[in-house]
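Novice: Sequence:
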Amino acid sequence: MKIVVGARGSTLSVTQTNSVINMMKNAHPHLDIELKTIKTKGDVLREASLDKIGGKGVFVKEIEKELLNGQIDMAVHSMKDMPGVLPKGLKLSYVPKREDYRDVLVLREGLSSLDKLPIGAKIGTGSKRRKYQLLRYREDLNISDIRGNIETRIKKIELENLDGVVLAAAGIKRLGLHKDLAHRIVYLDKEILLPSPCQGILAIEIRENDVKIEELLKSISHEKTEIQAKVERAFLKGAGGSCKVPVGAYCEIHSEKLILEGFLGTEDGEILIDKKLEGKKDSLEELGYNLANMMIKERDAK
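Just so you know, the UniProt record's numbering puts 46 at position 46 of the sequence shown, and the rest follows in order with no gaps.
What the hints contain is simulated information worked out from the structure, not anything from laboratory work. All the pointers check out, no bait thrown in.
Taking lysine-lysine pairs in the DSS-like style, the calculated list, with each CA pair at most 27 Å apart, reads:
{"#": "1", "residue 1": "LYS131", "residue 2": "LYS244"}
{"#": "2", "residue 1": "LYS237", "residue 2": "LYS61"}
{"#": "3", "residue 1": "LYS281", "residue 2": "LYS237"}
{"#": "4", "residue 1": "LYS39", "residue 2": "LYS244"}
{"#": "5", "residue 1": "LYS156", "residue 2": "LYS173"}
{"#": "6", "residue 1": "LYS97", "residue 2": "LYS281"}
{"#": "7", "residue 1": "LYS230", "residue 2": "LYS61"}
{"#": "8", "residue 1": "LYS97", "residue 2": "LYS230"}
{"#": "9", "residue 1": "LYS91", "residue 2": "LYS230"}
{"#": "10", "residue 1": "LYS155", "residue 2": "LYS173"}
{"#": "11", "residue 1": "LYS91", "residue 2": "LYS237"}
{"#": "12", "residue 1": "LYS39", "residue 2": "LYS173"}
{"#": "13", "residue 1": "LYS122", "residue 2": "LYS156"}
{"#": "14", "residue 1": "LYS131", "residue 2": "LYS230"}
{"#": "15", "residue 1": "LYS190", "residue 2": "LYS224"}
{"#": "16", "residue 1": "LYS218", "residue 2": "LYS65"}
{"#": "17", "residue 1": "LYS244", "residue 2": "LYS297"}
{"#": "18", "residue 1": "LYS224", "residue 2": "LYS91"}
{"#": "19", "residue 1": "LYS276", "residue 2": "LYS302"}
{"#": "20", "residue 1": "LYS61", "residue 2": "LYS91"}
{"#": "21", "residue 1": "LYS218", "residue 2": "LYS91"}
{"#": "22", "residue 1": "LYS244", "residue 2": "LYS156"}
{"#": "23", "residue 1": "LYS212", "residue 2": "LYS230"}
All chains, please: the whole structure from these sequences, using the hints.
Specialist: In structure tokens form, the structure reads like this:
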């Protein structure tokens with residue numbers, strides 16, 4: 001059986017997709033799996049800010065089109081790049097184990113921590129979620145809007161005279177960069193920077209009626225990650241799911257109890273809200289939607 005897997009052509013996307021392909025081959029050695037790279041609008045317009053060129057969907061639309069047309073059989077994305085609502089005829093399938101959910105600060109040589117950065121230090125990020133949470137922690141920071149893949153953003157530390165850039169730990173680790181950059185990396189705990197919903201989770205998108213592919217993917221499913229993905233994506237959908245407002249979420253699992261932490265703000269960062277809500281394993285989406293609704297009401301009342 002031949003399967004064609006679609007993904008973006010970035011180094012990270014190819015690495016992530018190959019990891020899924022290897023998991024599938026280990027579980028089903030008979031499979032013939034081919035990787036097809038597809039250029040998306042987000043890859044073409046590398047310097048424009050996401051909220052100006054179409055939000056989260058700019059990294060997936062071209063790939064989804066090929067999936068709907070039958071040119072590919074499945075697609076691998078970073079789940080944090082996925083819009084809250086998928087095109088008709090597509091669905092997210094089983095989810096493999098989550099990588100590190102945290103954000104990291106990659107510093108220029110000679111710097112050692114977030115707290116010891118010089119006053120007015122220049123930090124690069126194109127994310128409002130990261131920007132406003134960092135400014136809340138240290139209001140003196142000078143946040144510079146940058147985009148590009150991981151390697152490009154790290155290079156911008158030198159090219160644009162930045163003191164550091166904020167990236168997802170998952171990408172750094174999947175590319176193996178955490179080893180070479182160990183002395184320059186500061187891991188930012190969720191108490192400082194709550195991650196993007198589903199950060200570190202891979203999304204495997206398939207056609208809704210493709211029972212064969214769904215059955216094959218069952219073998220790489222990770223139960224804890226499946227739960228986190230459902231809860232955090234429900235929160236993202238409930239909160240609006242766009243790049244225009246800062247949104248963060250992380251779901252912790254304690255036996256049968258779930259604790260969902262949420263972060264939501266206004267587009268200009270004037271209002272920033274943090275909230276927690278407890279739930280149970282039998283009400284995953286409900287927990288996400290309930291917390292989002294509570295936070296939207298609180299934000300709109302201010």
